[in-house]
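Asker: Dock chains B and C against the given chain A, drawing on the hints supplied.
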Amino acid sequence: MREATLWTLHLAAGVVILVFLSIHMGIMHLEDVLTALGTGYRDALGWASVVMRNKQLYFTITYVILLAAALYHGLYGLRNILLELGPGPTAVRVIQGILILLGASLFVLGTIAAIAAYVR
Amino acid sequence: MCQWNEHSGQALSDEIVREVVFRVQRYSPGQDRPVTREYRVPVTRGMTVLDGLHYIRDNLDATLSYRFSCRMGVCGSCGMYINSFPRLACQTQILELNSDLVDVRPMPNYPVVKDLVPDLSQLFAKHREVQPFIIRNEQELEHPTAEFLQKPEELLRYLQFTYCIKCGLCLTACPTVATDPRYLGPQALAQSYRYCADTRDAGAEGRLRIAAGRDGVWRCHLAGACSEACPKGVDPALGIQLLKRLAVLRALSLKKPHSPAPVAGKRTGVERRPGIPQPPPPTVESR
Amino acid sequence: MANGSQTGQIGLRGWVYAGRFGLERYAYTLHRITGLGLLLYFLMHIFVTSSRALGQAAWESVMGFLSHPIFRIGEFLVYVAFAYHALNGVRLILGELGLGLGNPVRPEYPYPIAHRRQRPLFLALMIISGILILAGGWDFFVTKH
Numbered sequence: 001m002r003e004a005t006l007w008t009l010h011l012a013a014g015v016v017i018l019v020f021l022s023i024h025m026g027i028m029h030l031e032d033v034l035t036a037l038g039t040g041y042r043d044a045l046g047w048a049s050v051v052m053r054n055k056q057l058y059f060t061i062t063y064v065i066l067l068a069a070a071l072y073h074g075l076y077g078l079r080n081i082l083l084e085l086g087p088g089p090t091a092v093r094v095i096q097g098i099l100i101l102l103g104a105s106l107f108v109l110g111t112i113a114a115i116a117a118y119v120r
Numbered sequence: 001m002c003q004w005n006e007h008s009g010q011a012l013s014d015e016i017v018r019e020v021v022f023r024v025q026r027y028s029p030g031q032d033r034p035v036t037r038e039y040r041v042p043v044t045r046g047m048t049v050l051d052g053l054h055y056i057r058d059n060l061d062a063t064l065s066y067r068f069s070c071r072m073g074v075c076g077s078c079g080m081y082i083n084s085f086p087r088l089a090c091q092t093q094i095l096e097l098n099s100d101l102v103d104v105r106p107m108p109n110y111p112v113v114k115d116l117v118p119d120l121s122q123l124f125a126k127h128r129e130v131q132p133f134i135i136r137n138e139q140e141l142e143h144p145t146a147e148f149l150q151k152p153e154e155l156l157r158y159l160q161f162t163y164c165i166k167c168g169l170c171l172t173a174c175p176t177v178a179t180d181p182r183y184l185g186p187q188a189l190a191q192s193y194r195y196c197a198d199t200r201d202a203g204a205e206g207r208l209r210i211a212a213g214r215d216g217v218w219r220c221h222l223a224g225a226c227s228e229a230c231p232k233g234v235d236p237a238l239g240i241q242l243l244k245r246l247a248v249l250r251a252l253s254l255k256k257p258h259s260p261a262p263v264a265g266k267r268t269g270v271e272r273r274p275g276i277p278q279p280p281p282p283t284v285e286s287r
Numbered sequence: 001m002a003n004g005s006q007t008g009q010i011g012l013r014g015w016v017y018a019g020r021f022g023l024e025r026y027a028y029t030l031h032r033i034t035g036l037g038l039l040l041y042f043l044m045h046i047f048v049t050s051s052r053a054l055g056q057a058a059w060e061s062v063m064g065f066l067s068h069p070i071f072r073i074g075e076f077l078v079y080v081a082f083a084y085h086a087l088n089g090v091r092l093i094l095g096e097l098g099l100g101l102g103n104p105v106r107p108e109y110p111y112p113i114a115h116r117r118q119r120p121l122f123l124a125l126m127i128i129s130g131i132l133i134l135a136g137g138w139d140f141f142v143t144k145h
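Protein chains in written order, with our numbering: chain A, 1 to 120; chain B, 1 to 287; chain C, 1 to 145.
So that you can see chain A by itself, here it is in the shape it has in the complex (with noise of 0.2 Å):
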């Protein structure tokens, strides 16, 4: 039953991402729309509103959680692809090696990222 648990995480993934890169993308790129809501910020790509961003303990966990959770679905989904165009068993093993490196990689990447700006 791996698999199928496999399968329910790259879901469980997709729901996290649906929530947390809508309010990620709200931010980003639809600052009208959410300024006439009353909320939003400025200038969401400039050093100041970055900064401000980073020293909030909700947005480091929460960008960190998408982290794992974008990287989870989107390399699985990468792994499904090229599973699909069928390789042999070796391939496959390599494939799913590089991927699950990649994905602890930019995970430890992007954490410790995420910490060093909130930290400084």
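Keep in mind that a hint or two might mislead.
What the hints assert, rightly or not - Coverage of chain C stretches by chain B, computed from C-beta distances (three or more under 8 Å per stretch; other residues unrestricted):
(1) 11-18
(2) 23-31
(3) 83-96
(4) 103-113
Keep in mind that the hints were calculated from the coordinates and are not lab data. Cβ atoms here follow ideal geometry from the backbone N, Cα and C, with glycine treated the same way.
Answerer: Then chains B and C, alone, in the frame of chain A:
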């Protein structure tokens, strides 16, 4: 049941209403690549693509090869790719295609034996792989004594998946089958669900290990083309999604295996009506 | 073999166009394409946004590089891809758990197709997606940043 043209006295089903061009893919073993040949076919009302192929073979080109049997949509032999859609040739009316050109090709995603004849061995191999039979830990299957008790609602939960005629059109439609040679395919997975959902069956765990393994249901992404192509309303896409739900619930331990349908007990309190004779003694030794 | 390989499979073409199928069949193709596009962008995005840990100078240098119009257009396309992928994904999450598909029935012609029951949901989600794309397009290309 015949309708007549009052003027000519000809049966309407004999009246030629249109002439279409059949563009048929031809291939013989040993050729590098397939070619297409065109044939002019006169069409009468009610004529199917299969009838058109018969006409070509009888009158225009006796070397054309194709598979057919029942000519009424129950044997599953004549699956072909007709005007960019997988269909049964015997169930496709030429006039319904509404086109001057009828493009007939063998079903994609299968190797071609000759012309329009596909090699269906992978379809049957995948079907065998999912254990498409009732599995019970009892002597009852080997030495049946009575029927299994199953309510009509329980039957309805899997009935539509029993209508599969193994025509293979669903594998033609499936995008995953196009690239993944190991994917079990909509036909096998729908049959896997048919047996898992059958209350008489107790083999769901073993079947799920195969169907919910790496080459099973998780390779399906709800493109739904299989159900669109199915000529018998089996709706394999539904079967596969229900099988996914079953696998997820089992994996999360949210659903316990059901105990299989019981065998009907001996009838009690029922008398043979007077005047009805007893059956003769058996002439064959039962083991 | 005439169909291209030992197994007769039609290959990658089968993911893209394989016949006159309905919307959901090609929604699958678009979902794949947007998914891959989003993943590619995301992997680069992790590097780009991690630069904020290196201080203001690093951040503003990266942002300056990315302010070129070609990157803005690319980012808008990522936004569009997300709008489609997320909302179609909602339909897929429901469908692939067997929700909203109805129950198995006795097949009587014309045969019902379970995932067609999701068609109204699909269209509603695409309309919402369209609205989000328009709102995003306004923010990307009209609002002065």
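Asker: Could you run down the list of hints and mark each one as holding or not?
Answerer: Do the hints match the structure? See the list:
Counting residues of the segment 11-18 of chain C whose beta carbon lies closer than 8 Å to any beta carbon of chain B gives 6, which reaches the threshold of three, so the coverage claim holds. A stretch counts as covered by a chain when three or more of its residues have a beta carbon under 8 Å from one of that chain; for the segment 23-31 of chain C and chain B the count is 6, and the coverage holds. Counting residues of the segment 83-96 of chain C whose beta carbon lies closer than 8 Å to any beta carbon of chain B gives 3, which reaches the threshold of three, so the coverage claim holds. Closer than 8 Å: that is the beta-carbon criterion, and the segment 103-113 of chain C has 10 residues meeting it against chain B, so the requirement of 3 holds.
Violation of the numbered hints given earlier is absent; every hint is satisfied by the structure.
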